[in-house]
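Undergrad: The chain contents come next:
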Amino acid sequence: MLPIGNYLFLSFTLFTIGVIGVLTRRNVIVMLMSIELILNAVNINLVAFSRYWGTVDGQVFAIFIITDAAAEAAVGLGIILAFFRNRQTVLADEMDMLRW
Amino acid sequence: MSEGRTNGSSVSTTVLGADEIILNMGPQHPSTHGVLRVKLKLDGERVIGSECIIGYLHRGVEKIAEHRSYQQFAPYVDRMDYVAAVSNGLGYCETIERLLGTEAPPRAKVVRTILTELQRIASHLLWLGTHALDIGALTPVFYCFREREEILKIFEKYCGARLTTHAFRIGGLQYETYDGFEQDVKRFCQNFDKKIDEYETLLTENRIWVGRTKGVGVLTAEDAVALGVTGPVLRASGVKWDIRKAMPYAAYDQYQFEIPTRGTGDTYDRYIVRMQEMRQSRLICLQAIENIPTGAIMARIGKVLKPPPGEVYHSIEAPKGELGYYVVSDGTTQPYRVRVRPPSFINLQAFDKMAKGSLVADVVAIIGTLDIVLGEVDR
Amino acid sequence: MLNAFLFYFFAILAVGSAILMVTRRNIVHAAVFLITALLATAGIFLLLQAEFLFVTQIILYVGGIMVLFVFVIMLVNLDVSLQLVQFSRQRYVAVALAVVLAVQVLGAFWVGRTSVGAGPAQAIEAKNTEAVGQALFQHYLLPFEIASILLLVAMVGAVVMGKRRI
Amino acid sequence: MNHLIPTAIQQYVLPVLYGIVIVAILPLLAGYIVLMERKVMADMQARLGPMRVGPHGLLQPIADALKLLIKEDIIPEHADRFMFWMAPVLSVGMALLAYAAIPFGPVFQVADLNVGLLFILAVSSLGIYGIVLGGWASNSHYSLLGALRSAAQLVSYETAAGLGLVSALIWAGSLSMKSIVEAQYDRGDWFIAYVPVGFFIYLVGSIAETNRAPFDLPEAESELVAGYMTEYSGFRWALYFLGEYANMMVVASIATTLFLGGWLRPFVRYHDHFPGTSVELLDIVPSLIFLFAAAYCLRLVPRQPVKIQRMVMAAVAGLCLVLSGVMAAALLASPGVMAGIHGAFWFLAKVFAYIYGFLWFRFTFPRYRFDQLMRLGWRFLIPLSLVNVIATAVAVVVSEEWGLHPLASALIMQVLTLGVALWLAGRGEEPAAREPQVAEGD
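Chains as they are written, first to last, in our numbering: chain U, 25 to 124; chain G, 11 to 389; chain A, 11 to 176; chain Z, 11 to 452.
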């Protein structure tokens, strides 16, 4: 295994890219995808530390995070679809009403 | 519609809703049975509107009639419903006979009845095969063509042609039946019952088939009558209307047969009605073949036909519905006007009503179940 | 040696496709690049000898979640978004914030550079799948059940959202 | 045999060699599955099928491949060129990659991964991107609808098929393809005897996953022209086709490994020998099968109309004879060689039997409609597969705790599952033919 710093740095890079994506893009779908990227970056960290300590706990948590990502994707995409049906757009700055 | 900020050019979103698309089916499409073009407005896979665009096979048949003599025009009608050419010919010949005020001899009438009923079976077989193919059953079409081949062989032996037969002439028949005609027809009819059973084992009880056809393309009796729909489509909706019984022509008044009807008017009912019609046609053939009267096959009408001025409308029960001819004579050798009432054209009107709210897959089933022939729709 | 080469290969692939994903105008292309990034991450899991997670990542993330994403992307109209302005108005603030975050984390790395190193790195027992299963169903049973309830809730939520009229 | 070859070769050279052999043979095999499909179809439809190219159409696949190779390659005007190019490659590539973990016999396997089954499932779940992206890149409504249908269908049926596999995995206790087969050898019965319901679920799910009739909605000819493949032509189209048939082989291989005993021959527990030798009675069956095939081909030789066809037919007969000889010779060779060759024979025989089932369904059933497909998947198969998994787990516990014979407890639980299946099927009848809110897939 390479020094763990490599994995941490990779994870950090992906995390930052994801954050930039969430904050800058207008398209909600791309924002959701950037969140997936962030979760994924966290997974790298967890698995790297799991290998580092020689236990599987990190991997178990990575599995929980994947579960979480699935739940988030399902609900998020459902919301996007519902929003798209009503407003015909998937842009974040168009979502400026509490109800329609 | 919200306005998005754009880079220069403004985006014109069409009048369509968010997830609506226009799907253009045809004129080149595997299951529009020729060159029908259907514009579907879809919401996902659900049809919310449809428009049939016809005319890709328009050849001006009715106009051609005005420049041909009565006999010369007879082969043209075979090209309208080209999978039921014999029925087309029968309708035309009988119409002109009415215009002339004559009738075909009894022997000719019986032979005409037999051939027309065989043609009905052949047409329904073709329908069954392609309809099943549309719904995704690959095998029945080959069995259907196997039996249809037998019928076409009889036609070929009788008049030399298989598809566009031009089997009848105004006033009777051109040809005497060939030796062994009776045996051929009898053999076919006797075997055919088992063959229909065979198709029914493939489809009638099949869960997928029932699921794909039951409740699909429902046409109520009122709608059917209002739209002028005829033939098996009308009878599947529960209206007992068959010109063979209502206004008998040829030799139909001599034979016993049932008019199969069903109640709900969905695709499954139309399937059942056509299957039973094939059995009834077989029975008619069996009755007719038992005693074909002897005698002349052609009425005495002369070589040059000059019907007295006047007009006549006559219709027969073609495999697809009421096939009517409206002919106006001005006393010359050529008709003044010929107007055809093709069953497919009228039945196609019901398409929009049947397709609305169904799925893309149902559209295919509905086109199939209407049993249209574009040669007849466009003429 | 081989290990290092593979790590840098996957890492560069992951970072490169992540950058492309954030910058692509076409959403389908963005989704494809996200898939590539996820696959590269799966490769890194494999390097870390987490075989089960490697497979889970591909089956669940790439084969499941991303299919949903692509499905939804195709359902919503694409041609419109191609011509719209891609980034939101807050983009400069956002990038600045991200830079601040990056400096912070890098600082944390720098401070902690001595505490992380080659580390103990015990060999994980060969049967990774079994080990994960044991941990998941014995030690982490309660979190597992909670996660399954979360999934159930999400499922119900997605169904409600998917209904035509809310 | 294993100690004769250096470890380095065993570790690195042999897998590469196997990989090359698989990649080289697979397209040919796929071509011949197409021929088999056309012949079976013809037989079921009262006709002959391909007869012109080679005797009984035996060279037809080669002619088809050549034709497709030299056809013009058309890319639609507004297509996404890169995606359009990549999609079919992805489709085939993923299908081929899955073969890395499939054991064609105790010897012939590229890599025995300890998550072998999951690896295959993962890789084949990637194949869907070939379909979805290809359909999207074509920029055609038919293609897009096909792609959408495919995405929804795969996601739905993967779950059911995977849970169907789990029931067999519970009995096997391993994810390695090799250990699964060995577990069946140890138990003496194939897992289809333990979990017939699981096999049925996987059968249906695998047909849906490979987009075969009656679940071929993504490429439904009469509705969507050719679905996601509508705009493809020539070699790219051939790649899609190859991918589809390679995928069929993959799912058939999974089913063979998990339910049908992999490379084990039927009646594994029957060990009677020929008197005086170490050759088991049943092991001569492959040899006899090929001998019969050779005799049949020889009988057909004089009936061929053209000389060249007679020659090809004789060559085929010769090939069968040679294979028969190989099978017979393997009996006398060392146990390792014998197990490898006969294992490969039985494995492929089972794979083809499974594929024959696919063909049979295709020519018998009409196509499902999309909402019906979804209802079958979500309301029948997935509940049933969940019940099946629970029932199987209970059966394992019962046989381990109370010492009931495993087969007996398994069968009792399977009968209970069947009862649930009947209830589910009856419940499926109730809903009206159309509800306004189904069939969207979202």
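The set of hints was computed from the structure by calculation and includes no laboratory data. Hints are supplied without guarantee of correctness; some may be wrong.
Computed from the model, here is a short list of chain A residues facing chain U with C-beta under 8 Å [unchecked claim]: (1) 12; (2) 14; (3) 15; (4) 26; (5) 28; (6) 29; (7) 53; (8) 56; (9) 74; (10) 110; (11) 113; (12) 115; (13) 117; (14) 150; (15) 152.
C-beta: ideal position from N, C-alpha, C; glycine also.
Undergrad: So, for every hint listed, does it hold in this structure?
TA: Evaluation of the provided hints:
1. With a cut of 8 Å, the hint placing residue 12 of chain A at the interface with chain U is violated, because the nearest CB-to-CB distance is about 11 Å.
2. For the restraint placing residue 14 of chain A at the interface with chain U, the shortest Cβ-Cβ distance is roughly 6 Å, inside the 8 Å limit, so the hint holds.
3. Here the hint on residue 15 of chain A is broken, as its CB sits about 11 Å from the closest CB of chain U, past 8 Å.
4. The restraint placing residue 26 of chain A at the interface with chain U is violated, with a minimum CB-CB distance near 10 Å, outside the 8 Å limit.
5. For residue 28 of chain A, the shortest C-beta to C-beta distance to chain U is roughly 4 Å, which falls under 8 Å, so the interface hint holds.
6. Because the smallest distance between the Cβ of residue 29 of chain A and any Cβ of chain U comes to about 6 Å, under 8 Å, the interface hint for this residue holds.
7. Look at residue 53 of chain A: its Cβ only gets to about 11 Å from chain U, farther than 8 Å, so that hint breaks.
8. Interface restraint check for residue 56 of chain A: the shortest CB-CB distance to chain U comes to about 10 Å, outside 8 Å, so the restraint is violated.
9. At a threshold of 8 Å, the smallest CB-CB gap from residue 74 of chain A to chain U is about 7 Å, leaving the interface hint in force.
10. Checking residue 110 of chain A against chain U by beta carbon gives a least distance of about 11 Å; that is not within 8 Å, so the hint is violated.
11. With its C-beta approaching chain U no nearer than about 10 Å, residue 113 of chain A sits outside the 8 Å limit, and its interface hint is violated.
12. Taking 8 Å as the C-beta cut-off, the interface hint given for residue 115 of chain A holds, the closest approach to chain U being about 5 Å.
13. Among the interface hints, the one on residue 117 of chain A is violated; its C-beta lies about 12 Å from the nearest C-beta in chain U, farther than the 8 Å criterion.
14. The beta carbon of residue 150 of chain A is positioned within 8 Å of a beta carbon in chain U (closest approach about 5 Å), and the interface hint is therefore held.
15. This hint is violated: residue 152 of chain A has a C-beta 12 Å from the nearest C-beta of chain U, more than the 8 Å allowed.
The structure shown violates the earlier hints numbered 1, 3, 4, 7, 8, 10, 11, 13 and 15.
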